[in-house]
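There are 2 protein chains.
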Amino acid sequence: MNIAILGVGLIGGSVAIQLKDTQFCDLVYGIDRNEDNLNKALKIGFIDKKATLTEALAACKVIILTAPVDAIYSMLPDLLDQVTDQVVIDMGSTKQNILKLIEDHPNRGRYIAAHPMAGTEYSGPEAALKDLFKGKMMVYVAATQTDEDAFDLADSITERLEMRTSFMGAHEHDMHTAYVSHISHLTSFALALTVLEKEKSQGRIFELAGSGFESTVRLAKSSPDMWTPIFKQNRENVLEVLEEHIKQLTNLHTALADENYEELHRLIKKSNKIKRILK
Amino acid sequence: MNIAILGVGLIGGSVAIQLKDTQFCDLVYGIDRNEDNLNKALKIGFIDKKATLTEALAACKVIILTAPVDAIYSMLPDLLDQVTDQVVIDMGSTKQNILKLIEDHPNRGRYIAAHPMAGTEYSGPEAALKDLFKGKMMVYVAATQTDEDAFDLADSITERLEMRTSFMGAHEHDMHTAYVSHISHLTSFALALTVLEKEKSQGRIFELAGSGFESTVRLAKSSPDMWTPIFKQNRENVLEVLEEHIKQLTNLHTALADENYEELHRLIKKSNKIKRILK
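Those sequence lines, one after another, are chains Z and G. Residue numbers 1 to 279, in UniProt numbering, belong to the letters of the first sequence in order. Residue numbers 1 to 279, in UniProt numbering, belong to the letters of the second sequence in order.
These are calculated hints, taken from the structure and not from any lab test. Glycine included, C-beta positions come from ideal geometry on N, C-alpha and C.
Okay, derived cross-link-like pairs now, DSS-like style, lysine-lysine, Cα gap no bigger than 25 Å in a straight line:
#, chain 1, residue 1, chain 2, residue 2
1, G, K221, Z, K247
2, Z, K232, G, K273
3, Z, K130, G, K275
Coverage of chain G stretches by chain Z, computed from C-beta distances (three or more under 8 Å per stretch; other residues unrestricted):
#, stretch
4, 177 to 189
5, 213 to 221
6, 231 to 239
7, 252 to 258
So that you can see chain Z by itself, here it is in the shape it has in the complex:
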């Protein structure tokens, strides 16, 4: 069986590496708007040949979508028009708008919305990693609307990636990812901007940057080409979480401005409850 990876970056490359390593597929076809990335992917070796979408549909049983979410949104209806018995697995980070877009498509059953909760702050083909997905969660969204054979094939890929699985509705998925993933990125972007703003006048500021700073701001290395579309596709949920986050920061600010240290202590102690969730 041949597979196609549409978007040969961190996620697509990491999937391809694992599917090749486990002999899941014969050939991997790479599709990407960026010719440089295709050449890099060929050189690294996780794709076997460059292809157009039409060529890939003719040769492959599985098309895995790992392009930025707005690109997936734009091309999915056309892609489904051309599908017969192939399986299209969408591994993007937002689902609600996309599912709505194709809910009445005659080939809806060949499409599966699957979000692997894994990644790094790096992007592009060179960022692809073996074992990126191992032990992480694959979230299937609105999975009951997918044909059984298509779901089974997608799930056998999830098994090869050694992932755990979870099932959610589209709204639930997009809201939860806003809370546990998208807001972390916004926070890091804002923190980086805050510190870079100050650094203009105070060049030595980074002598002091310790490991706490690094871990909090690490995600600010993430690609704007990937993240702008995510925020766009998940706009309402992200705005809601961002408003809550600004509110919580403002509460901390008010406690400190008012020299209400009892309240500040209480808020910090309350935030410590996150211990129970983290390892």
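Since the structure of chain Z is provided, determine the placement of chain G on it from the hints.
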């Protein structure tokens, strides 16, 4: 030579472990308001005996202050009153108020303000680690006001901790730490509060928590007993940074609310410049 550790937690314990390992000292005296922590420190073995401040001053050449910064602030004038030729090393995270408090003290020269830029999100004697300080930065603040022999002794401890060194004024130190350390903690506390707030109604939210979320929220495990005093002692700088951070988050919010994706992309791309600072 005997040394005393006032505050037998993460920092004090980690210092003691290293000074024992390198045979820098004979006995380590532990001083702490918390009897449980003293017993734990004895059991772990990084202190040799429990002591009062008076006993420690009689028996030790070096007193290392690793208590919360408000405790250091409260007891420092009394401590300096009793000092003769001992060396008092303050390893707290804020310096400006404390230095102002003792600037005219006759024994000012026996005191050295040193801030090791190292730590973890854990606290207490069990959190103490060998090699916590290795390769990290020790910042000396207003070091020219310390007697030369006292500075040399403090610096020989810094060498045993295998740290690099940097010199700053008090204002510069407190402002820079607000930017690269204190704000990271506030951000994490607020992020934890944001997510915990939502979780009340949505129990499954943490199924999705990936590594990005974990690294951003990790600092929210930090102790309120340690951090409330830091924010109190560095209140003005922290308020300034927090205002800038809320402003940057608000800019991101405005761009998204206005569906101005060009601006959102520009802000994210600008934040990527943090790459140059991080490894």
